[in-house]
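> Following the hints, position chain B against chain A.
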Amino acid sequence: MEQLAFTALSVLTLACALGVVLSKNAVNGAMCLLLCLAGIAGLFVQLHAYLLAFVLILVYAGAVVALFLFIIMLLDMQGGQPWRPRVASLVAGVVAAALLITGLDLLAVRGRIADAAPVGHSVGSSLKLYAYQLFTTYLLPVQVMGFLLLVAMLGVVVLSRRMAEPEDPR
Amino acid sequence: MADFFFGLPVVVQAVVKGLAVILFIFPVAAACSMAERKVSAWIQRRPGPNRSIPPFLVGIPGTRFLQRLGLWQLMADGGKFVFKEEPLPDHVHRVYYTLAPVIAMVPAFTTVTVVPFGAYLDPHGGVVPLVLANVDIGILAVFAVASLGIYSLILAGWASNSKYPFLGGVRASAQLISYELSMTLSVLPVFLWVNEPGSSGSLSLARVVAFQSGTSGWGGAWFLFTMPVSALIFAVALFAETNRQPFDMPESEADLVGGFHTEYGAFKWSLFFVAEYANMIVGSAVFSLLFLGGWNLLPWLPLATLMEGLHHVTGWAFWLHPLAVGLVSIAIFVAKVLATIFVFMWVRWTVPRFRYDQVMRIGWQKLLPLSIANLIAYAVGIYFLQG
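Residue numbers (the working numbering), protein chains in the order written: chain A, 1136 to 1305; chain B, -6 to 380.
So here's chain A without its partners, still in its complex pose (with noise of 0.2 Å):
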């Protein structure tokens, strides 16, 4: 039973994968994301980490996906130019893909996250270590990563108003 949840949430997670990629429509593609984000929650719920699944739902399936829908709806990115892979962006492509195998194949091989969160019978409880960890073992992370949030809406600001200011008609 276990073992066939897991294969049709990794083959419909996997599916709705190729399909954000694949899809013409760039709203069948949002909501493929959002099939593809509600499967990885069920491999969660599988690994008893009930919090990350939740959490998974309420920011990315539940806001994220849904500003992209409201991005591709406001600027009505319907048909559009099909893509045309340039050579740059081809190589970039593949060493970011070699990477990101290599990393994985070598977390998964030989390498062993030291001190991960145990797994609490209940929310409440991991939800309280999951903190203390936030807080305690990973602040630089968490603190680095805020701040690169902060340097990019910021830059979305200065960038907007720049391009904003020849369209003003005074």
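Calculated from the structure, these hints are not laboratory results.
Glycine residues also receive a C-beta, built at the ideal position from the N, C-alpha and C atoms.
Wrong hints could be hidden among the right ones.
[To be verified] Computed beta-carbon distance windows for the label pairs: (1) A:Leu1269 / B:Val8: 35 to 45 Å; (2) B:Ile53 / A:Gln1181: 50 to 60 Å; (3) B:Trp357 / A:Phe1141: 35 to 45 Å; (4) A:Val1156 / B:Thr91: 20 to 30 Å; (5) A:Arg1245 / B:Thr208: 51 to 61 Å; (6) B:Leu12 / A:Ser1145: 28 to 38 Å; (7) B:Thr208 / A:Phe1141: 45 to 55 Å.
Frame of chain A; chain B shown alone:
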């Protein structure tokens, strides 16, 4: 009875629970729509629907009252949706157009299962909450699943493939995301206070009610009185999240015809309607659990004390029976939920609709800073109170 039910396979139990939710929510949502028409009529000083009655009931004493109340109108409206023609306009994206009402129903009905609606006393005097799916995640599950409801509005607006529904869908996506932040931030002080130092940590809604069940001190006061700002932010965000006036930008019939559901008719349209009322019921239930003390009758008068008091005054041992406690707790809780729903309707027929820019300004420039300041203030206060 209970033993027989829990002896059934898990799948059968799940199906029974699902059917129970459907059989409960559909009539209640329909009754809410009729209540809405009657409340609007009272507020506008007109009688409201009071004419329709099945011919074979005319003249029977007692039916006149139900006729005045609009009960038969409610059944006529419900039956009408089943027998109406299902329009499927040529220009729509068929898959998403058909899918959107279904997506509206699923989160609305799923959240009903994780909301506790009553309690009974076990032999040791402990209060056991009544809930269909007793998940430990509580409020996180409600927020996570409810946040998926946004896709029904977006997809309905996009799949209708015409101007006004499209604008409704775009507005829905922006509005719902904007208010989700304030809503989540406004309940954090409640859980900060509930999870006292040394406790194992919990996001359960029943735990919040248990905290409000004290007989003295801070524990007995409802969070409505100890955290009025949180309650206000949560209520305003709830109006926005359930697309109720004055925040019903996605529908906004004055400027968008019908908004996201302009192209819908018959049963598909009524599914959106039922989902909206189901969301409202769940939202009111969560508000009652978080800020109105759940199934406790009054502040500092929790359920257990109330039942023991009744037992003392009347001398009936029946008051301590789990069945009696369960029924009384459900009655108290339902009364609170209905009162909250009435406030929803009251506001809808009293306050005019905001403009879209006003909705955005309230969300981002007023509610969000207020909820962050509120969170910091309570974090400091709770540190000194419990530290």
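> Each of the hints needs a verdict: does it hold here or not?
For each hint, the structure was consulted:
A beta carbon spacing of about 39 Å between leucine 1269 of chain A and valine 8 of chain B agrees with the range 35 to 45 Å that was offered as a hint. The hint said 50 to 60 Å for the Cβ distance between isoleucine 53 of chain B and glutamine 1181 of chain A, and at roughly 59 Å that hint holds. Remark: the range hint 35 to 45 Å for tryptophan 357 of chain B to phenylalanine 1141 of chain A is upheld by a beta-carbon distance near 42 Å. The beta-carbon spacing between valine 1156 of chain A and threonine 91 of chain B, approximately 26 Å, falls within the hinted interval of 20 to 30 Å.
Our hint of 51 to 61 Å for arginine 1245 of chain A and threonine 208 of chain B holds, since their Cβ atoms are close to 59 Å apart. About 31 Å separates the C-beta atoms of leucine 12 of chain B and serine 1145 of chain A, a value consistent with the hinted range of 28 to 38 Å. For the hinted restraint 45 to 55 Å between threonine 208 of chain B and phenylalanine 1141 of chain A, the CB-CB distance of approximately 49 Å keeps it satisfied.
Figure legend: structure checked against the earlier numbered hints; every hint is met.
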